[in-house]
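Visitor: Chains as they are written, first to last, in numbering that gives the first Met the number 0: chain A, 0 to 187; chain B, 0 to 500.
Since the hints were made in silico from the structure, they are not lab data. We put the CB at the ideal spot given by N, CA and C, even for glycine. Be a bit skeptical, because a hint or two may be false.
What the hints assert, rightly or not - Simulated crosslink set (SDA-like; lysine to any residue; CA at most 20 Å straight-line): (1) A:Lys56 <-> B:Asp422; (2) B:Lys358 <-> B:Gly276; (3) A:Lys56 <-> B:Asp33; (4) B:Lys17 <-> A:Glu18; (5) B:Lys17 <-> A:Lys61; (6) B:Lys306 <-> B:Leu411; (7) A:Lys10 <-> A:Lys61; (8) B:Lys12 <-> A:Leu110; (9) B:Lys3 <-> A:Leu133; (10) B:Lys4 <-> A:Tyr136; (11) B:Lys4 <-> A:Val99.
Said to hold, decoys possible - Beyond 10 Å from chain B on every Cβ pair, some chain A residues (computed): (12) Glu4; (13) Lys11; (14) Val101; (15) Glu140; (16) Gly146.
What follows is each chain in one-letter form.
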Amino acid sequence: MSLEELIHNCKKGDRKAQELLYRAYADTLFGICLKYSYTKAEAEDNLHDSFMTIFEKIGQFKNTGSFEGWMKRITVNTALQKYRKEEYLNVVSENTEAEVTVDNAYSDIDLQTLLGYIRDLPNKYRATFNLYVLDGYTHKEIGQLLGTTTGTSKSNLARARILLKQKIETKISQSVVGILVIITTHFL
Amino acid sequence: MQKKKLDELFQEKFSDFKEAPNHNVWRAIDASLDKKKKKRMIPFWWQLGGIAAALAITFLLFNPFSDTQTNDEIFVGTQQKVEETNSESVDKNLVDTPKVATEQLVEKTSGKSAKSQEKNQMTTKNQERVTQSTRKESSISKGDWSQNKNALVENRTKESKANAKDNASISTNNSTNGLGETLPNEASVENAQSNAKVVTSTENTDKNKMGFKGLESENAVTANETDQENQEISEADKKSIFDAIVNQEEEKQNTTTNRWSAGPSIAPVYFNAIGEGSPVHSIFVPNSKSGNINLSYGLSVAYAVSKKLTIRSGIHKVDYGYDTDDVTFSSSLNALSSNGQIASINYASTSKSLIISSKEVVSDKFNTTNSSLDVSAKSAVRDGFMSQQLGYLELPLEINYALVDKKFGVNLIGGVSSLFLIDNAVSLTAGELTTEIGEANNINDLNFSANMGIGLNYKFSPKIRFNLEPIFKYQLNTFSEIDGTFRPYSIGVYSGLSFKF
Chain A
0 MSLEELIHNC KKGDRKAQEL LYRAYADTLF GICLKYSYTK AEAEDNLHDS FMTIFEKIGQ
60 FKNTGSFEGW MKRITVNTAL QKYRKEEYLN VVSENTEAEV TVDNAYSDID LQTLLGYIRD
120 LPNKYRATFN LYVLDGYTHK EIGQLLGTTT GTSKSNLARA RILLKQKIET KISQSVVGIL
180 VIITTHFL
Chain B
0 MQKKKLDELF QEKFSDFKEA PNHNVWRAID ASLDKKKKKR MIPFWWQLGG IAAALAITFL
60 LFNPFSDTQT NDEIFVGTQQ KVEETNSESV DKNLVDTPKV ATEQLVEKTS GKSAKSQEKN
120 QMTTKNQERV TQSTRKESSI SKGDWSQNKN ALVENRTKES KANAKDNASI STNNSTNGLG
180 ETLPNEASVE NAQSNAKVVT STENTDKNKM GFKGLESENA VTANETDQEN QEISEADKKS
240 IFDAIVNQEE EKQNTTTNRW SAGPSIAPVY FNAIGEGSPV HSIFVPNSKS GNINLSYGLS
300 VAYAVSKKLT IRSGIHKVDY GYDTDDVTFS SSLNALSSNG QIASINYAST SKSLIISSKE
360 VVSDKFNTTN SSLDVSAKSA VRDGFMSQQL GYLELPLEIN YALVDKKFGV NLIGGVSSLF
420 LIDNAVSLTA GELTTEIGEA NNINDLNFSA NMGIGLNYKF SPKIRFNLEP IFKYQLNTFS
480 EIDGTFRPYS IGVYSGLSFK F
């Protein structure tokens with residue numbers, strides 16, 4: 000079955016087609032949900048809500064743009080919905096545009112660890128970092144999505160970067176200390 | 000050392016990030032879709048019913064056997080919005096299940112190394128977060144989905160419980176992943192253990208998948224097994240969850256006010272009948288009849304059973320009337336002597352000498368043409384029409400189903416009315432002269448009507464609403480005996496205000 004047929008059948012409410020669509024895209028969309036959610040349970044709920052919205056609104060999809068892109072936008076919107084009304088006291092950092100770098104040695108940190116760091120960020124920082132860095136939204140778009148100003152979005156991003164950098168660097172130093180401790184105890 | 004942009008580090012890792020969700024998610028979606036479908040079925044049939052009602056009304060308005068004008072009636076109905084969240088019940092369930100699971104796990108974990116205990120502690124935090132987040136979610140989640148989501152949460156806990164058993168032996172391996180991570184107070188290890196129970200196992204399965212690919216197949220097998228278990232357990236448990244939610248809803252609904260509403264309504268009511276016939280006498284069967292427009296007014300009371308469904312009643316005073324055209328009459332002593340009175344009318348004492356006849360039918364008994372030659376005739380023959388007036392106290396019992404419930408609302412209305420006869424008169428009119436003949440004796444004191452219509456309303460405020468309701472009422476047993484077919488109906492456009500309290 001081609002994607003067009005699948006979409007067509009989903010529009011008619013065919014349950015089999017809906018399940019096929021779910022099977023085809025659940026993993027990708029769940030990846031998005033995991034990035035934007037604090038916990039796995041929250042991510043699963045967001046995935047559920049996203050698919051419900053997708054099946055409900057699929058009639059409005061006009062086969063013009065990318066279907067996957069359309070579903071991804073719905074998923075991001077669903078995940079962001081609950082943060083929209085949250086207010087954060089934002090202290091605008093001085094140099095929000097500054098580039099944040101980490102040591103090249105950290106390149107091999109595994110994905111799940113990084114995901115954990117992202118998830119641990121405060122809601123709006125996490126959302127802003129994901130939207131800007133990983134999903135290519137502009138600050139203007141982020142402002143609209145989260146109901147904040149462009150300036151706030153920039154400062155959120157800067158704070159998110161700093162927090163992530165700190166987490167990455169502490170993690171590594173902790174491992175180094177751990178290994179040293181093991182080695183020392185071994186020789187003693 | 001070379002520096003690398005933080006953004007790039009994340010972009011590289013997450014460029015094609017995918018992860019398989021728990022299979023319970025699809026089940027929950029499937030259930031949610033089922034629910035939606037079922038919900039949609041009801042309005043669909045109601046809509047068909049509405050179309051049928053609209054067609055019936057249009058047909059009657061423009062039908063060939065009545066020379067009609069449109070008239071109006073009013074109805075007062077109410078709808079209430081009761082929105083609820085089920086957060087509390089979810090919390091309870093969430094808290095309850097883990098407790099059971101924990102105790103089992105504690106036994107297993109107790110024998111384990113310090114490392115795994117530390118791990119448990121880490122996961123305690125997660126457990127707390129899970130509970131917190133589900134709390135938030137459940138308060139945000141909307142109507143339909145929330146129930147299934149609860150089921151999802153439920154399944155989640157169940158599954159992790161089951162997985163925990165299978166993974167117990169593996170879990171020690173996992174601790175290597177946690178190497179170097181912070182380990183807070185050891186004193187609280189016991190608490191940590193008890194709290195960690197459920198979540199630990201979930202975490203374990205996650206880590207197993209990532210860190211130890213070799214174990215994946217094992218997990219897959221156990222997942223299948225647990226699956227069945229879960230279904231069995233969760234089905235039994237689901238009931239209680241739903242019960243709890245239902246109870247919760249009921250409680251909240253009870254506490255929410257604004258279920259009752261009441262208000263006055265007034266309507267012009269057009270009365271006519273289908274078929275040729277005359278309830279007065281067979282000689283008037285071929286005469287043309289024309290309906291009259293009268294007034295109906297009263298009070299309506301409504302009770303909102305649910306957001307969409309309202310039951311309403313009230314009390315209305317309503318007058319019905321119709322004219323029989325081409326009637327001639329005169330006054331003659333013959334009326335008394337020749338038994339020339341109409342049997343279905345109880346003549347008033349002042350009208351006993353009246354002889355009434357139809358222009359369309361020649362009848363010896365009711366012959367008014369001769370009477371002009373009659374020396375005893377008091378007056379000449381007059382042409383005119385005969386009116387029959389009926390006054391009722393109407394007690395409706397109707398159901399109101401909301402198709403649209405916004406600032407502007409559309410409802411379907413259906414029900415029955417009990418009509419108690421309080422007024423009954425037959426009169427003759429010729430030019431400006433009107434004479435009352437008497438009362439018809441073939442009218443039932445208690446009459447019923449089947450009602451259907453469409454209600455339109457506009458909300459000025461949440462408490463005050465304006466209604467405009469064209470309603471068709473088909474009379475079931477107005478007359479006890481009829482010559483020919485004479486099936487009366489009324490159409491009214493009821494307008495009025497309703498106030499919620």
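Visitor: Does each hint fit the structure? Answer for all of them.
Guide: Each hint, compared with the structure:
Restraint check for A:Lys56 and B:Asp422: not satisfied, since their Cα atoms lie roughly 58 Å apart, outside the 20 Å limit. With a CA separation close to 15 Å, the supplied pair B:Lys358 and B:Gly276 stays within the 20 Å bound. This hinted pair checks out: A:Lys56 and B:Asp33 have alpha carbons roughly 16 Å apart, not beyond 20 Å. Taking the CA atoms of B:Lys17 and A:Glu18, the gap is about 18 Å. The hint holds against a cut of 20 Å.
This hinted pair does not check out: B:Lys17 and A:Lys61 have alpha carbons roughly 26 Å apart, beyond 20 Å. Pair hint B:Lys306 plus B:Leu411 holds up; C-alpha atoms about 14 Å apart against a cutoff of 20 Å. With a C-alpha separation of about 11 Å, the suggested pair A:Lys10 and A:Lys61 falls inside the 20 Å cut-off, and the hint holds. Restraint check: the Cα-Cα separation between B:Lys12 and A:Leu110 comes to about 6 Å, which is no more than 20 Å; the hinted pair holds.
A hinted pair counts as satisfied when its Cα atoms are at most 20 Å apart, and B:Lys3 with A:Leu133 qualifies at roughly 16 Å. A distance of roughly 18 Å separates the Cα atoms of B:Lys4 and A:Tyr136; the hinted pair therefore holds under the 20 Å criterion. With a CA separation close to 6 Å, the supplied pair B:Lys4 and A:Val99 stays within the 20 Å bound. Its beta-carbon lying about 19 Å from the closest one in chain B, A:Glu4 satisfies the requirement of being farther than 10 Å from that chain.
The non-interface label for A:Lys11 is consistent with chain B: the shortest C-beta to C-beta separation is roughly 12 Å, beyond 10 Å. A cut-off of 10 Å between C-beta atoms contradicts the statement that A:Val101 is not in contact with chain B; the least separation is 5 Å. Look at A:Glu140: its CB is around 17 Å from the nearest CB on chain B, clear of 10 Å, so calling it non-interface holds up. The Cβ of A:Gly146 lies farther than 10 Å from every Cβ of chain B, with a closest approach of about 16 Å, so its non-interface assignment holds.
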